[in-house]
Amino acid sequence: MENHHYELPEDFLSDISFCNYCKGAPDKDVQYWTNWLASHPEMTHTFREAEQMYKLVGVYDEGYQQAFQRFSDSLHPVVPAKRRWLNAPRAAAAAAVLIAASLPCYYLLRPAGNQAIARADRPLYDTIDVGMGQVRSIRLADSTAITLNSHSRLLIPSDYNEHDRKVLLVEGEAFFDVTRNANKPFSVTSKGVETRVLGTSFNIQAYPQKAGMRITLLTGSVSVHSGVAPQPILLRPDDQLTIGADSTYAVQKVPAARYRKWTGGELDFYEQSLEEITTTLSIRYGAAFVFADDTCRHELFTASFGKGEPLGKVLALLSTRRDIRFTQKGDTVTVSRK
Amino acid sequence: MPADAVTLGAPHRLHIIMDNRNAILHLYQAHYHALFAAGCYLTDDKELIRDCIHELFLHCWQKQEELSRVLHLKNYLTVSLRNRLLTALKQQGKTVRFEPGEMDEAEYSYEEILIRNTDETALQQNLRRALHNLPPRYRQVIELRFFRQHSYEEIARLTGQPVKTAYNYVHEALAALRKQLKAQPPAPVLRNY
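Residue numbers (the working numbering), protein chains in the order written: chain A, 614 to 951; chain B, 1220 to 1412.
Note that these hints are calculated values from the structure, not bench results.
Quantities reported herein were computed from a predicted structural model and do not represent experimental measurements.
Built from N, CA and C at the ideal position, the CB exists for glycine as well.
Among the hints, erroneous ones may be present.
One side only, chain B facing chain A, incomplete, derived with CB under 10 Å [stated by the list, open to error]:
(1) Gln1248
(2) Leu1267
(3) Ile1268
(4) Asn1345
(5) Leu1346
(6) Arg1364
(7) Phe1365
(8) Arg1367
(9) Glu1391
Using 30 Å as the maximum straight-line C-alpha spacing, the simulated DSBU-like pairs for lysine-lysine come out as follows [as the list claims (entries may be wrong)]:
(10) Lys1282(B) x Lys641(A)
(11) Lys920(A) x Lys1282(B)
(12) Lys668(A) x Lys1265(B)
(13) Lys866(A) x Lys797(A)
(14) Lys823(A) x Lys866(A)
(15) Lys1401(B) x Lys866(A)
(16) Lys668(A) x Lys1282(B)
(17) Lys942(A) x Lys1398(B)
(18) Lys1383(B) x Lys668(A)
(19) Lys1265(B) x Lys926(A)
(20) Lys641(A) x Lys1309(B)
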């Protein structure tokens, strides 16, 4: 089973470590396969197919994370030191480091003080998962509205809106329309970056398939606390903050309304490279893109597609005005020059 | 693939120093899902299975000297869980097909587990049909690997084959299952938003 060649879903599924990844434990397998996928983006489709098939065939507990949390808490009925320094003024920076090191995120989400233990049998947070090709809207207790794009995961602590309003975007893209409440600040943490707001609407894109992340503000104002800048970065309406994989960042003015169009199921690209566009398409349609000609990657497009447009039509439109050819074979699309 | 991923089921004396909290958490992670699956063969009460696993590991944590004498850890955990579950079911006045402490074959079949697993979706119906259409020897290895969560070494022992053959069998069975699933009309769950 060493030096395995992974080509078909069964190649993954017959690997015990991959099955552990699907079940969510042990951590080392989860980390190994998360990294594996990140370094083999061309295998995304087969990988996801294997994952789906495992979830169908395998017997495992979907309540595992809560069970593990409960067990782990009961071993240590004392507040661990880690949590105390999380409450210190530099909490945001600490949080960023924690997430970047991909430690379990529940340290961040655990309510302060001892009530966490008293209610250990209650799940500490709710998980919202949105699958391939889906868009989902939810409304929280404080009537804040959140729309999640394909392949996204959001964690909401069970004490949301009790003292503060903290959520965690584990991966994916989400649009937030936050109800104003100065007493209970709202914050989203994603890829180690914390975005704090009072009342506003903004979009965060943080897919693991795409390096870095993007925060776009529509109304109100937000402050972004991250490891990349010594001071919080303040955003005004129509500002877009891009944080690169190398921790560089830039703020530029954009037509922000464009960045929420996906919430209605539309696909919208504004001067984006074909490489970025195909990443978005592969998340939305579950197709794998292969570049036969690397020069195609950097072609820029501005394009907009309506809700529920089939992939074939999208590709046909993208190729009409350029010398680019898309060859669709099953779920793999090859990009080449005409 | 992490090097020790396949060795979990192998018989070995436990050398982990148990005063290390991480060691018990590591054990918990490594065995949880297999134990949960074993529990599913006895009852459909998921909360009860979770509670029993919780108590079982707490017991291991508190009685560390007992665990250090265990030869085959996975068997020890599985048998302990069965006994806890059966005792709990009996206390609840549920019909128990056999007594705690007995190793019996009268468990639920994997088909029964699949059926009562949830409000059955179209996908699960497809799976059941697909499994049904597989040759029995393929069905057996799928059950051993994905339901019982046995390692390839254990499957080899149970079916009297070399490990490599057991591995190839699972691979072939998966390919056949995937073909069967593809042959079924696709379930309308993905891609409609």
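Each hint, compared with the structure:
no. : hint                   : in the structure
1   : Gln1248                : 4 Å, holds
2   : Leu1267                : 12 Å, violated
3   : Ile1268                : 8 Å, holds
4   : Asn1345                : 8 Å, holds
5   : Leu1346                : 5 Å, holds
6   : Arg1364                : 8 Å, holds
7   : Phe1365                : 5 Å, holds
8   : Arg1367                : 8 Å, holds
9   : Glu1391                : 8 Å, holds
10  : Lys1282(B) x Lys641(A) : 27 Å, holds
11  : Lys920(A) x Lys1282(B) : 59 Å, violated
12  : Lys668(A) x Lys1265(B) : 17 Å, holds
13  : Lys866(A) x Lys797(A)  : 29 Å, holds
14  : Lys823(A) x Lys866(A)  : 21 Å, holds
15  : Lys1401(B) x Lys866(A) : 48 Å, violated
16  : Lys668(A) x Lys1282(B) : 35 Å, violated
17  : Lys942(A) x Lys1398(B) : 18 Å, holds
18  : Lys1383(B) x Lys668(A) : 25 Å, holds
19  : Lys1265(B) x Lys926(A) : 46 Å, violated
20  : Lys641(A) x Lys1309(B) : 38 Å, violated
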